[in-house]
Amino acid sequence: AQSVTQPDARVTVSEGASLQLRCKYSSSGTPYLFWYVQYPRQGLQLLLKYYSGDPVVQGVNGFEAEFSKSNSSFHLRKASVHWSDSAVYFCVLSGFMLSGSFNKLTFGAGTRLAVCP
Amino acid sequence: EAAVTQSPRSKVAVTGGKVTLSCHQTNNHDYMYWYRQDTGHGLRLIHYSYVADSTEKGDIPDGYKASRPSQENFSLILELASLSQTAVYFCASSDATDREMGENTLYFGAGTRLSVL
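From first to last, the protein sequence lines are chains W and H. The opening residue of the first sequence carries number 8 in my numbering; numbering runs sequentially from there. The opening residue of the second sequence carries number 31 in my numbering; numbering runs sequentially from there.
To be clear, the hints were calculated from the coordinates, so they are not data collected in a lab. Errors might be hidden in some of the hints.
As the list claims (entries may be wrong) - Straight line, CA to CA, 27 Å or less: simulated BS3-like cross-link-like pairs of lysine-lysine:
| id | chain 1 | residue 1 | chain 2 | residue 2 |
| --- | --- | --- | --- | --- |
| 1 | W | K31 | W | K111 |
| 2 | W | K31 | W | K76 |
| 3 | H | K95 | W | K111 |
| 4 | H | K87 | W | K111 |
| 5 | W | K76 | W | K56 |
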C-alpha cells in the first residue's frame, strides 16, 4: 500500500520569507511524486513533478522540491513567498496497483499556506 | 479557456433526491476521473473512465454511479443523496500515454460544492 503524509495542516509565513512544506511518502515501487496547488475556488493545478534524475526539480512560480529516497520525502520549497502564494498545497504519489493495471494516485491531506503581509 | 468544465459550480440537494454532476473536457484525453474532497482530507477517487461507454470503480464508489457517454463528457450521479455526500467534487482528465508511463498529470475542473440537507 502507498501513502502520503503532510504533517502540517496549516503553515503561516510572512511575505518575503522562505517556505518549506513537508511531504513524506511510502511506496513499494519507484514513485512518481507531484505537488499540486489549489487556489481559492479553483481546481488543483500542477506545480511540479519528479520521477528520476536530479533530485531537485523546478516548478512554476519559483517553487522547487527535493526528493530524498533515504528519507522518503519530497519537500516543497520557495525562497521568497508572495501573498498570492496563499493556497492549499497537495503532495501526490503515483504508483501502480498490485495488479499493475492502474496507475493509482494517492493524495496527501494538504497544507493550507497563509502568507501574511 | 478552461479545458475541464464542471456544472453546476454549487448545488443544494435534499436527502433522498437525485443529483447529477456534469463534466466536460476539451483536452482530448482518454481518462476522466471523479474525486471527492472533504475538509482536512486529500482527494479520494470515486469513479474513473478510460473510454466512452465504460466506467470503473475507484476507492469510494458506494452511493455513486458514473456515466461516460462520449470522450468529452463524464457525469457523476447520486441516485439517493445522503448527508454524508456533502463535499466538493472534482472532475479531472489525463492523457493515456502519460498515465501508462507513470506520469499521470491530472487536469482539474474548478469543482462542484454539493450540500445535501
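Exercise for the section: For the pair supplied as a hint, K95(H) and K111(W), confirm whether the alpha-carbon distance does not exceed 27 Å. Expected result: Distance ~20 Å between K95(H) and K111(W) Cα, so the pair holds.
Exercise for the section: Starting from K31(W), check that the Cα of K111(W) is at most 27 Å away, please. Expected result: 17 Å, holds
Problem - Holds or violated: K76(W) to K56(W), with C-alpha atoms at most 27 Å apart - result: 15 Å, holds
Practice task
For the pair we were handed, K87(H) and K111(W), check the Cα-Cα distance against 27 Å.
Solution key: 12 Å, holds
Problem - Satisfaction of hint between K76(W) and K31(W), Cα-Cα up to 27 Å - result: 10 Å, holds
No hint from the list above goes unmet by this structure.
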